[in-house]
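Trainee: I would like the entire structure built from these sequences, with the hints used as guidance.
Residue numbers (our numbering), protein chains in the order written: chain A, 1 to 290; chain B, 1 to 290.
If you are wondering where the hints come from, they were derived from the structure by calculation, not from laboratory data. There may be inaccurate statements among the hints.
Claimed, not checked - Derived SDA-like pairs: lysine to any residue, alpha-carbon spacing no greater than 20 Å straight-line: (1) B:Lys126 to A:Arg43; (2) B:Lys181 to A:Ala15; (3) B:Lys181 to B:Ala199; (4) B:Lys63 to B:Ser221; (5) B:Lys126 to A:Glu45; (6) B:Lys126 to A:Val31; (7) B:Lys126 to A:Ser50.
Please read these numbers as outputs of a predicted model, since none were measured by experiment.
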Amino acid sequence: MSGAESTRRTGWLAALGAHALLAPAALVTLVPFVWLACAAFKRNEDFFTSAFLPGGEGVLGVAWERLTLENFERLFGTLGLGRAIVNSVFLSSATAALATLISALGGYALAAFDFRGRRAVTGLVLAAIIIPPPLLIAPGYQWLFRLGLLDTFAGLILPAIAPAFGVYLFRQACASSVPGALLEAARIDGAGEARIFFGVALPLLRPMVGAFILLTFLGTWNNFISPQVVLQTPDRLPLAVAIAQLKSTYYQDYGLLMAGTLVSVLPLVVLFMSLQREFISGLTTGAVKG
Amino acid sequence: MGSAGAAPWVLLAPFLVLSVVFTAWPLARSATLSLEQTFGPGASRWVGLENYRHLLSDPLFWKAAGNTCLYVCTTLVVQLPLSLGCALLLNRPGLRGRAVYRLVFFSPALVGVVFVAMMFGVIFEKRTGLLNQALHAAVGWDLEFAWLQGWVMTSLVIATLWQYMGYNMIYFLAALQNVPKDLSEAAEIDGAGAARRFAAVVWPAIRPVGGFVVLLSVIGSFQLFELPWILLNAGAGPDGRGLTIVMYLYQQGFEAGDLGYASAIGWVLALVLVGCAALQRRLAREEVTA
Numbered sequence: 001m002s003g004a005e006s007t008r009r010t011g012w013l014a015a016l017g018a019h020a021l022l023a024p025a026a027l028v029t030l031v032p033f034v035w036l037a038c039a040a041f042k043r044n045e046d047f048f049t050s051a052f053l054p055g056g057e058g059v060l061g062v063a064w065e066r067l068t069l070e071n072f073e074r075l076f077g078t079l080g081l082g083r084a085i086v087n088s089v090f091l092s093s094a095t096a097a098l099a100t101l102i103s104a105l106g107g108y109a110l111a112a113f114d115f116r117g118r119r120a121v122t123g124l125v126l127a128a129i130i131i132p133p134p135l136l137i138a139p140g141y142q143w144l145f146r147l148g149l150l151d152t153f154a155g156l157i158l159p160a161i162a163p164a165f166g167v168y169l170f171r172q173a174c175a176s177s178v179p180g181a182l183l184e185a186a187r188i189d190g191a192g193e194a195r196i197f198f199g200v201a202l203p204l205l206r207p208m209v210g211a212f213i214l215l216t217f218l219g220t221w222n223n224f225i226s227p228q229v230v231l232q233t234p235d236r237l238p239l240a241v242a243i244a245q246l247k248s249t250y251y252q253d254y255g256l257l258m259a260g261t262l263v264s265v266l267p268l269v270v271l272f273m274s275l276q277r278e279f280i281s282g283l284t285t286g287a288v289k290g
Numbered sequence: 001m002g003s004a005g006a007a008p009w010v011l012l013a014p015f016l017v018l019s020v021v022f023t024a025w026p027l028a029r030s031a032t033l034s035l036e037q038t039f040g041p042g043a044s045r046w047v048g049l050e051n052y053r054h055l056l057s058d059p060l061f062w063k064a065a066g067n068t069c070l071y072v073c074t075t076l077v078v079q080l081p082l083s084l085g086c087a088l089l090l091n092r093p094g095l096r097g098r099a100v101y102r103l104v105f106f107s108p109a110l111v112g113v114v115f116v117a118m119m120f121g122v123i124f125e126k127r128t129g130l131l132n133q134a135l136h137a138a139v140g141w142d143l144e145f146a147w148l149q150g151w152v153m154t155s156l157v158i159a160t161l162w163q164y165m166g167y168n169m170i171y172f173l174a175a176l177q178n179v180p181k182d183l184s185e186a187a188e189i190d191g192a193g194a195a196r197r198f199a200a201v202v203w204p205a206i207r208p209v210g211g212f213v214v215l216l217s218v219i220g221s222f223q224l225f226e227l228p229w230i231l232l233n234a235g236a237g238p239d240g241r242g243l244t245i246v247m248y249l250y251q252q253g254f255e256a257g258d259l260g261y262a263s264a265i266g267w268v269l270a271l272v273l274v275g276c277a278a279l280q281r282r283l284a285r286e287e288v289t290a
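Mentor: And the structure:
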C-alpha cells in the first residue's frame, strides 16, 4: 500500500468519524429549538405526557387537535405583549442606528486624520473598552435619577450609543479599507468633509456598518439588566424584561411562557440566519485583526 | 492623511460628549459612591472604606465569589475545550456540510440569555421538563430529578454550553485559518499522530487568538447574572447556590437600595477582570519572547 493511498483511506475514515461526532452534537443543538416551537402550542397538562407533541391518532401519530393557539391569544390579548414587541423593535433599531453612526464617525476621525490628541483619544477608546459594564450599573442608575432620565427611553438609549468598542472596530475597518489617497483626491476636488464621509468613506465601510448594526440590534434586543434597572412603567418594557416578569406570575404556565419566548426569539433567529455571512465575519473581525 | 483642523474633533464630538456624560462621569462617581452608604438613589452618607471592609467579611459576598469562580472554571475546562474540539473537527479539509454545521452550532448564540433562561427553566423542570423526559426514555433516569434545586451549577453549565459552545467555536475556526497548511500536511505525511500535530503545529498557530477567546470567555463568565437569576425565579436559589457576584451587586444596589455597597462590589469585580486581562497579556508576551 503506498503512502498516499493509506492517507486517503484514513482520510475517508477520519471524515466519517468527524461526522459521527458532529451530527449528534448538531442534533442536540437543534432539539431545544424544536422543543420550544412545540411547547408554545401545547396545553399545560400535555407537558406531563409528551416531550414534544402530544401523541394521538392524527397524522404522524400526533394528536393535532390537542394543540392550541390559546397561549398566543392570551399573550397578545390580556397580557399586551404586542406593546413589548413594539418597544423592543424601537429600542433596538434606534440604538443600533445611532451607535453605528457615532462609532463610524469616531473611528473614521481616528483613522483618516492626523491631529494633535489623536493618540490620546485612541488610548482612551482602548481604555474604555475594558470597563466592565456591571461597574457602571449603580452609579449610572443614580446619575440617570439626577438627570431625570429614569423610566424613559432616552435614559436607556443615550448611554448605549457611544460604544468604545464600535469606535475601535470602525477605526480598524477604516485603516484597512479606506485608502487615504482616495480621501485626499476627493478633498482636492473640493468636496466638503461631510460629503467625503458619507459619499466616499461610508460606502467603503459598508460590510462593517452592516455587521455592527446587526450586532448592536441583537445586543439591545437581548439586553436585560439595563431596561430592568432603568424602566418601571409596564407599558415601556421591552420583551426581555416583560417575558422575565411573565415568569414570576405564571411560572407554572409552561405553554404561555414558551409562546412568549418563541415570539421573542424566532424573528431574530430567522433574520440573522439569513444575514449570517455578514454578521459572523463582523463578529470575528475584531479578534483576528486586532 | 488629512491635515488637522476642526474636522476630526467635530466627527468625534458625539462620541466624546456621550462618553464623558455617560461613561467617564459615572465611572468617576462609582469610585466615590463606593465610599458611601446610600438609601435609594437620593440619600447617602459617607462611610469611607467601610464598604470594602464589610465586603471582605461578608459571607454572602464570598459565597457569590466562590460560585462565580467555580462557574468560570467550568467555562475553562468544559466549554472552551469542547468549542475547540468542534472547531478542529469542522476544520478538516474537504469536510462536507461545514457551512450547515457552522450555522447550527452558532444559532443558540442568537438567543439572548434571558430567553435561554426561560427555555431551560422549563427544560429543567422535574416531571414536565425535556431533560428528565429524554434521559428517562434513554436510560431510565429519575423523572423527579431536581436540577434547579440540587444541581444548580450543573444546570448553569448545561445551559451555557448550549448557548455559547458554537459562539466560541466560530472564533476558534477563525483562528485555525492561521495554521500554515503546508506545515500541517508535512507533519501528517511524516506520520505525526493527531495529538502531536496539534501540539507542534496547530496550537502555536492559534495561541494568539485562542488566548483572546479565553480572556473574553473568562470576562463574560465572571459577569454571569441573568441566567441563574431567571432560572431560579428572581433569586439565588436554595442555599444561595446560584448566587453570583453581579447578582449580589444587583440585590444590594436595587433590592436593598445600597448603591454604595453595590459600587464597592463592582470595583472588586473590575479589579479581578483587569487582573485577568493583565495576566493574559503577560502570558502572550512571554509567548512571543520565548
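Trainee: Lys63 of chain B and Ser221 of chain B were given as a pair; does the straight-line alpha-carbon distance stay at or below 20 Å?
Mentor: 16 Å, holds
Trainee: Would you mind confirming whether the straight-line C-alpha gap from Lys181 of chain B to Ala199 of chain B stays at or under 20 Å?
Mentor: Distance of about 15 Å is within 20 Å: holds.
Trainee: Taking only the CA atoms, is the gap from Lys126 of chain B to Ser50 of chain A under or equal to 20 Å?
Mentor: 13 Å, holds
Trainee: Is Lys126 of chain B close enough to Val31 of chain A, meaning Cα to Cα at most 20 Å?
Mentor: Measuring from Cα to Cα gives roughly 18 Å; hence the hint holds.
Trainee: Is the hinted pair Lys126 of chain B and Glu45 of chain A satisfied, with a Cα-Cα distance of at most 20 Å?
Mentor: 14 Å, holds
Trainee: With the threshold set at 20 Å, check whether the alpha-carbon distance from Lys181 of chain B to Ala15 of chain A stays at or below it.
Mentor: With Cα atoms ~18 Å apart, Lys181 of chain B and Ala15 of chain A stay inside 20 Å; holds.
Trainee: Take a quick look at whether Lys126 of chain B and Arg43 of chain A sit within 20 Å of each other, Cα to Cα.
Mentor: Measuring from Cα to Cα gives roughly 17 Å; hence the hint holds.
Of the numbered hints given earlier, the model fails none.
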